[in-house]
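> Now for the letters of each chain:
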Amino acid sequence: MKTQKENIRTRVKEQYAEAARASPSSEAACCDDNYSSAELSAIPTESVLGLGSGNPVRHADLKSGEVVVDLGSGAGIDVFLAAGRVGPQGRAIGVDMTPDMVARARRAAESRGIANVEFHEALIEKLPLEDDSVDVVLSNCVINLSPDKPSVFREAFRVLKPGGRLVISDIVQEHPLNLFADGSSCVATAMVRADYLEAIHASGFPNVEILDDKPSLQDSQGVAASAITLRAEKPAKT
Amino acid sequence: MKRDLMEILCCPVCKGDLELEVDVEEEEILEGKLICNSCNEVYEIKEGIPNLLPPDLR
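Chains A and B, in that order, give the protein sequences.
The first sequence begins at 7 in my numbering and counts up one residue at a time.
The second sequence begins at 13 in my numbering and counts up one residue at a time.
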């Protein structure tokens with residue numbers, strides 16, 4: 007018997023595998039006018055699938071030499087943008103559970119000879135990274151799909167170095183929507199805003215700063231869901 | 013997968029240290045295995061991509 011968690015993961019994997027096989031131009035950008043043409047022209051075209059809800063790299067203040075991990079990296083767009091900012095001494099690592107996405111991202115890196123990126127098959131609730139090992143955790147419109155969001159935030163906190171930052175874009179519900187969670191409908195599997203922010207707080211991040219906030223779905227009660235970008239820091243050791 | 017990534021990789025399940033076994037290496041490791049020193053789980057590296065999914069999700 008499959009658990010509900012497994013069912014959600016299976017559906018998400020199937021739908022994203024299909025997206026990974028699409029050609030970049032045929033894929034309608036679902037939420038994406040988040041990237042400038044300068045940003046898009048600096049990265050492989052095939053890494054752009056239009057599946058994001060924001061532009062976390064722009065808010066992450068990445069510095070040369072930093073190590074960045076992108077949770078649910080898909081075709082790699084945010085990994086490639088981050089790689090450009092951290093430079094040859096830095097490293098941008100994408101983790102994703104969908105093999106077709108990981109393979110697509112890696113092919114894009116290989117074809118351009120981009121050496122400071124890595125793509126791994128892994129679960130964002132069970133990261134294969136040591137404690138205190140990365141400077142920045144990014145994620146773009148992925149955590150909403152996780153059947154266990156508190157684990158994702160706990161893992162992000164664990165792998166961050168003291169003083170490291172979490173910068174994520176995601177969808178949150180503004181009131182409980184009780185939609186049928188049909189796989190990768192990002193709104194259906196999203197958390198209510200207050201619970202989402204509380205889960206981040208509970209994982210150890212003392213403050214959460216909202217950097218971008220825009221409505222993404224309306225219903226009879228007004229705004230039903232929003233696309234937010236937020237930043238939180240792991241406290242530095244004293 | 014680049015060899016120097018071993019510094020920060022660990023077992024996704026028990027967080028133990030991983031040992032690297034290389035079958036094919038060019039500028040990076042293309043084929044091989046990552047073996048957990050603590051729980052003995054084996055993670056394959058194929059075509060440069062390590063599969064670090066927990067065993068029940070592969």
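Worth flagging that the hints you see were computed from the coordinates, not collected in a lab.
Heads up, some of the hints might be wrong.
Stated by the list, open to error - Each computed DSBU-like pair below joins lysine-lysine, with the alpha-carbon atoms no more than 30 angstroms apart: (1) A:Lys220 / B:Lys45; (2) B:Lys58 / B:Lys14; (3) A:Lys132 / B:Lys14.
To be verified - Distance windows between CB atoms, simulated: (4) B:Glu38 / A:Pro94: 14 to 20 angstroms; (5) B:Arg70 / A:Asp137: 22 to 28 angstroms; (6) B:Leu42 / A:Gly169: 44 to 50 angstroms.
Everything numeric in this text was worked out from a predicted model, so none of it was measured.
We put the beta carbon where it would ideally sit given N, CA and C, even for glycine.
> Would you mind marking each hint as holding or not holding in the structure?
Quick rundown of the hints versus the structure:
no., hint, verdict
1, A:Lys220 / B:Lys45, "violated (44 angstroms)"
2, B:Lys58 / B:Lys14, "holds (13 angstroms)"
3, A:Lys132 / B:Lys14, "holds (21 angstroms)"
4, B:Glu38 / A:Pro94: 14 to 20 angstroms, "holds (19 angstroms)"
5, B:Arg70 / A:Asp137: 22 to 28 angstroms, "holds (24 angstroms)"
6, B:Leu42 / A:Gly169: 44 to 50 angstroms, "violated (35 angstroms)"
Hint violations for this structure: numbers 1 and 6, all remaining hints satisfied.
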